[in-house]
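K.L.:
Those protein sequences? They're chains F, V and R, same order as listed.
Just so you know, we're using this note's numbering here: the first sequence kicks off at 1 and counts up by one.
Just so you know, we're using this note's numbering here: the second sequence kicks off at 416 and counts up by one.
Just so you know, we're using this note's numbering here: the third sequence kicks off at 695 and counts up by one.
To be clear, the hints were calculated from the coordinates, so they are not data collected in a lab.
Owing to the predicted nature of the structure, the values given are computational and were not obtained by experimental measurement.
Each hint should be verified, as a subset may be incorrect.
[Unchecked claim] Below, a list of computed lysine to aspartate or glutamate pairs in the DMTMM-like style, where the Cα atoms sit at most 25 Å apart: (1) F:K46 - F:E314; (2) V:K485 - F:E314; (3) V:K637 - F:E373; (4) R:K740 - F:E78.
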Amino acid sequence: MTRRKVFFLVMSAVLIFAASAQTVTITYWQYYYESKVKLMDELIQKFEAANPGIKVEQVTFPYESYNQKVAASIPAGEGPDVINLFYGWLPTYVKAGYLAELPASEFSKDYFDKNFYPFVAESVQFGGKYYSVPTAVRTLALFWNKKLFKDAGYDPNTAPKTLEELAAYAKKLSKYDAQGNLVVAGMAMQPTGQGHCWIREVLFRQFGNVPYSADGRKVTYADANGAAALKWYTDLITKDKVGYPNFATDDVTAFKAGKAAMNIDGSFRIATLNAVKDLDWGVAELPTYKGIKSNYASFWTHGIVAGTSGKKLEASIKFLKYITSPEVQQMWMEKVGELPANPALSEKYKNDPVIAPFLKGLAYAHATAYVDEAGQRTVMVDAVDEVILKKVDPAVALKNAAAKEQALIDDFWKK
Amino acid sequence: MKHKNKGKMIVRALPAYIILALLSVIMLFPFVWMISSSLKDVTQIYQLKLFPERPTLENYRYILFSTSTKFPQWFLNSLIVAVCTTASVLFFDSLVGYTLAKFRFPGKKIIFLLIISTLMIPTEMLVIPWYAMIRALKWVNTYWAIMFPGMISAFGVFLMRQFMSTIPDDLIDAARVDGLGELRIFITVVLPLVAPALATLAIFNFIGNWNAFLWPLIAASKPKMFTLPVGLANFSGEAGSDWHYIMTGAAVAMAPLILVFLVFQKQIVKGIAMTGLKG
Amino acid sequence: MTLSAKRSLTAYLFLALPLVFFLCVRLGPMLYMFAMSFTDWGLLRKTVKFIGFDNYHAIFKDPVFLQALGNTFRYAVFGAPLVILLSLAIALLLDSIPRGKGFFRLIYVLPYITPVVAVSWVWRWMYQQPPLGVINGILGWLGLPAGEFLNSPTQALPSILAVNVWVEMGYCTTIFLAGLQTIPKEISEAAKIDGASDRQVLRRITLPLLMPITFFLMVMEGIQFLRIFTQVYNMSMQAMGGPLNSTKSAALYIYQKAFTNFEMARAASASVVLFVIIMAVTILQIRFFDKRVNY
Numbered sequence: 001m002t003r004r005k006v007f008f009l010v011m012s013a014v015l016i017f018a019a020s021a022q023t024v025t026i027t028y029w030q031y032y033y034e035s036k037v038k039l040m041d042e043l044i045q046k047f048e049a050a051n052p053g054i055k056v057e058q059v060t061f062p063y064e065s066y067n068q069k070v071a072a073s074i075p076a077g078e079g080p081d082v083i084n085l086f087y088g089w090l091p092t093y094v095k096a097g098y099l100a101e102l103p104a105s106e107f108s109k110d111y112f113d114k115n116f117y118p119f120v121a122e123s124v125q126f127g128g129k130y131y132s133v134p135t136a137v138r139t140l141a142l143f144w145n146k147k148l149f150k151d152a153g154y155d156p157n158t159a160p161k162t163l164e165e166l167a168a169y170a171k172k173l174s175k176y177d178a179q180g181n182l183v184v185a186g187m188a189m190q191p192t193g194q195g196h197c198w199i200r201e202v203l204f205r206q207f208g209n210v211p212y213s214a215d216g217r218k219v220t221y222a223d224a225n226g227a228a229a230l231k232w233y234t235d236l237i238t239k240d241k242v243g244y245p246n247f248a249t250d251d252v253t254a255f256k257a258g259k260a261a262m263n264i265d266g267s268f269r270i271a272t273l274n275a276v277k278d279l280d281w282g283v284a285e286l287p288t289y290k291g292i293k294s295n296y297a298s299f300w301t302h303g304i305v306a307g308t309s310g311k312k313l314e315a316s317i318k319f320l321k322y323i324t325s326p327e328v329q330q331m332w333m334e335k336v337g338e339l340p341a342n343p344a345l346s347e348k349y350k351n352d353p354v355i356a357p358f359l360k361g362l363a364y365a366h367a368t369a370y371v372d373e374a375g376q377r378t379v380m381v382d383a384v385d386e387v388i389l390k391k392v393d394p395a396v397a398l399k400n401a402a403a404k405e406q407a408l409i410d411d412f413w414k415k
Numbered sequence: 416m417k418h419k420n421k422g423k424m425i426v427r428a429l430p431a432y433i434i435l436a437l438l439s440v441i442m443l444f445p446f447v448w449m450i451s452s453s454l455k456d457v458t459q460i461y462q463l464k465l466f467p468e469r470p471t472l473e474n475y476r477y478i479l480f481s482t483s484t485k486f487p488q489w490f491l492n493s494l495i496v497a498v499c500t501t502a503s504v505l506f507f508d509s510l511v512g513y514t515l516a517k518f519r520f521p522g523k524k525i526i527f528l529l530i531i532s533t534l535m536i537p538t539e540m541l542v543i544p545w546y547a548m549i550r551a552l553k554w555v556n557t558y559w560a561i562m563f564p565g566m567i568s569a570f571g572v573f574l575m576r577q578f579m580s581t582i583p584d585d586l587i588d589a590a591r592v593d594g595l596g597e598l599r600i601f602i603t604v605v606l607p608l609v610a611p612a613l614a615t616l617a618i619f620n621f622i623g624n625w626n627a628f629l630w631p632l633i634a635a636s637k638p639k640m641f642t643l644p645v646g647l648a649n650f651s652g653e654a655g656s657d658w659h660y661i662m663t664g665a666a667v668a669m670a671p672l673i674l675v676f677l678v679f680q681k682q683i684v685k686g687i688a689m690t691g692l693k694g
Numbered sequence: 695m696t697l698s699a700k701r702s703l704t705a706y707l708f709l710a711l712p713l714v715f716f717l718c719v720r721l722g723p724m725l726y727m728f729a730m731s732f733t734d735w736g737l738l739r740k741t742v743k744f745i746g747f748d749n750y751h752a753i754f755k756d757p758v759f760l761q762a763l764g765n766t767f768r769y770a771v772f773g774a775p776l777v778i779l780l781s782l783a784i785a786l787l788l789d790s791i792p793r794g795k796g797f798f799r800l801i802y803v804l805p806y807i808t809p810v811v812a813v814s815w816v817w818r819w820m821y822q823q824p825p826l827g828v829i830n831g832i833l834g835w836l837g838l839p840a841g842e843f844l845n846s847p848t849q850a851l852p853s854i855l856a857v858n859v860w861v862e863m864g865y866c867t868t869i870f871l872a873g874l875q876t877i878p879k880e881i882s883e884a885a886k887i888d889g890a891s892d893r894q895v896l897r898r899i900t901l902p903l904l905m906p907i908t909f910f911l912m913v914m915e916g917i918q919f920l921r922i923f924t925q926v927y928n929m930s931m932q933a934m935g936g937p938l939n940s941t942k943s944a945a946l947y948i949y950q951k952a953f954t955n956f957e958m959a960r961a962a963s964a965s966v967v968l969f970v971i972i973m974a975v976t977i978l979q980i981r982f983f984d985k986r987v988n989y
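The shape of chain F in the complex, shown without the other chains (with noise of 0.2 Å):
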């Protein structure tokens, strides 16, 4: 070999490891939900170009085992650096000290007070530290079929404005084979999906009931109010037939094929039922009752992994900036159909037939302080189901919910 040779291999080595040592590589989770995917892998094709050194790889979970891998791995060290965690989530990761603090140089109290929805800068912060920030938030409304509509002899670009309206159009929008069974749903009715949100948020309140003590520690849906609204819920099952839990599988579906002629859902269904073809549907603010309005507001929030450090950690603080900029905020409006966190973005869509009625949601939502999110909608669901299928009165059922789940909470806090 000559000198020449070796001199130009050892100086390839050399700038190869140069190279090596100033790129960063920062690794992003979330879940599998193709709009969101695509749009990230732009996002950080985007990022890289404007931050040479800087290499994000996204990695997706399906969303029914997300939150298991995510719990299996963080311990373990194999975690990602930064992670998209729903934000009934974010209490278990705090406390057990996996998620880190974020720089109050970039995301201070006021940053959080400007640019964020109250609900949101109050659900990312654990005494009085702030631990991750969203891109986009969601909101329910009602969707609605207008060729349903139309058949039933309805106007079919208006939707029911209260819930004695609902309960009509839903009973009139039902139709029933020779036998009597349902086979066009007038209202989706899963408890599984949106319902337990619509009854614990929106429901209990609008019954004249306040679900949670302020500090969400205590629950106290139990009254005669809240065991009216579950009567409510339930009666539309049992006694008017307009629906029942998992009926063509689930609300989505029975709502994709046109078994179900309206539906309560959230914002991130957009993309979802555009993809249908022939299906022409309409969204409306929630039903109201006695005058009150209320929504439930959830969001999917990104974190920095605890033990992040050196030059991930500033790379990875970059990215959280960045994919929660306004900028990133609008093309997550446009391509996923998720609201922006940002307030000031919303005036755009004020007019916008599909986002303002989830919009004008925000300014009455309430956001639940989960502490254990599947416990929590389990007990909801399994309230329902004790009265639709074990005929048991709504207020013992309602009774039994909030025992349980305020054992959920003081499990929590106990430990």
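Chain F is fixed; fit chains V and R onto it per the hints.
P.N.:
Frame of chain F; chains V and R shown alone:
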């Protein structure tokens, strides 16, 4: 005379034939319905028609070739897992079976009992420690993590020991006199003699690993590492609703097994009679 | 070195790796599991400490665990005998026909070799309520009322159980048929010449001779049903074992405790309980079968 007798027997057995045929319909109907559903598009899937009006292969195209599903990858993963574990089981189980059947050495009985006793431990109990193990050893998201518990099967050891004991000792001794090494004897003399048993063990192990669910569900954390059953369960959960795709996915997951089954039906039935599959 | 010492050495050499495997992958983990069931090990907890029998107290106070245990027993107590009875009947029918045994047997074995996950989803699709489910479509066509199947807390468990029966039947039928073929035809023919009716031959000769196989299958199937997981996971809404925990099996409870709630030690103690139950059944098996399995 004999022919007439047979005809009479068939007539006498007519009620039995009718009952068996009706039962066959029940046994086969789910498969028929699955295939029928997989040939329907999103609008026809909600019509209860056995023969779709406009049958389409579009669902298969989507499942197998679209970039939004990972079925080809899962298919490959299942194949890798099933083939590797089967190869390992064939080698080690016959080796251990042979040693326990044909060698005399202190502690033989205890070793055999020890191996057989592990049959009683249900997988449900082991998945949690296995999970702790793959985490501690950093095997998460590797094929090895999915495969390692199945590399040797206690049941196969038991089976092979039974077969090995039918080989005449003279044959082995003759090979020894010829000066062959012990491992050589095992591979060139013993293994060919138990080929039919090996075939049965291979088929069973392949099917068992192809169908396995609980452990791969826990061990594979990235979708890229899913086996077909895990992929299918997750795919269904996510698609929630897209029954035409779910049924197509189910058909795709079953296809190789039905093929294996049709080719090796004799061995499989014989194997079941000897043993069990999902033990 | 003597010849026999050399042979022994070869044997140990051949057994070394497999033995390490069985110790590290089967026996070791089992002991680890027992040990961890007395701690507060959790995936999201950084330390592990000994807490005695607390986990056992907790699970036996957990109504969901008790319900899961009850369900598990119901799967086994109803499922296993049902499979045995049906497959015995089918095997007897198959044995009585002069032609086409192999053909029918193939059909019955088919469900047994296909992936349970795929099968579960196919049945879940068929069990849908009107207007989607084909079973309810057939019921409606026959003028019968629709069934709620997986949606009802009383029908869901039998619905899942039926699928497992459908799957396991092929296995039991094949074994029964193999057993029937080992019974010499001369015995029953001699009995018939002596004037015994078909029914008498069945009751006095065939069934008693099948007793050992029946018992063996009873135990195998009992264990199979006690461990039921995949069907429940794939056939209940959101893999929760509902409605109202009515289909949740002990194995699913263990899985959820470990991998949804991350309470590994709780799951460990529940799996020790399931192990003890399965062990008890297995010991019964060995007692009755030590003659058949020659150690």
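K.L.:
Hint by hint, say whether it matches the structure.
P.N.:
Hints, verified against the model:
{"no.": "1", "hint": "F:K46 - F:E314", "in the structure": "holds, 18 Å"}
{"no.": "2", "hint": "V:K485 - F:E314", "in the structure": "violated, 34 Å"}
{"no.": "3", "hint": "V:K637 - F:E373", "in the structure": "holds, 23 Å"}
{"no.": "4", "hint": "R:K740 - F:E78", "in the structure": "holds, 15 Å"}
Consistency with the previously given hints fails for number 2 only.
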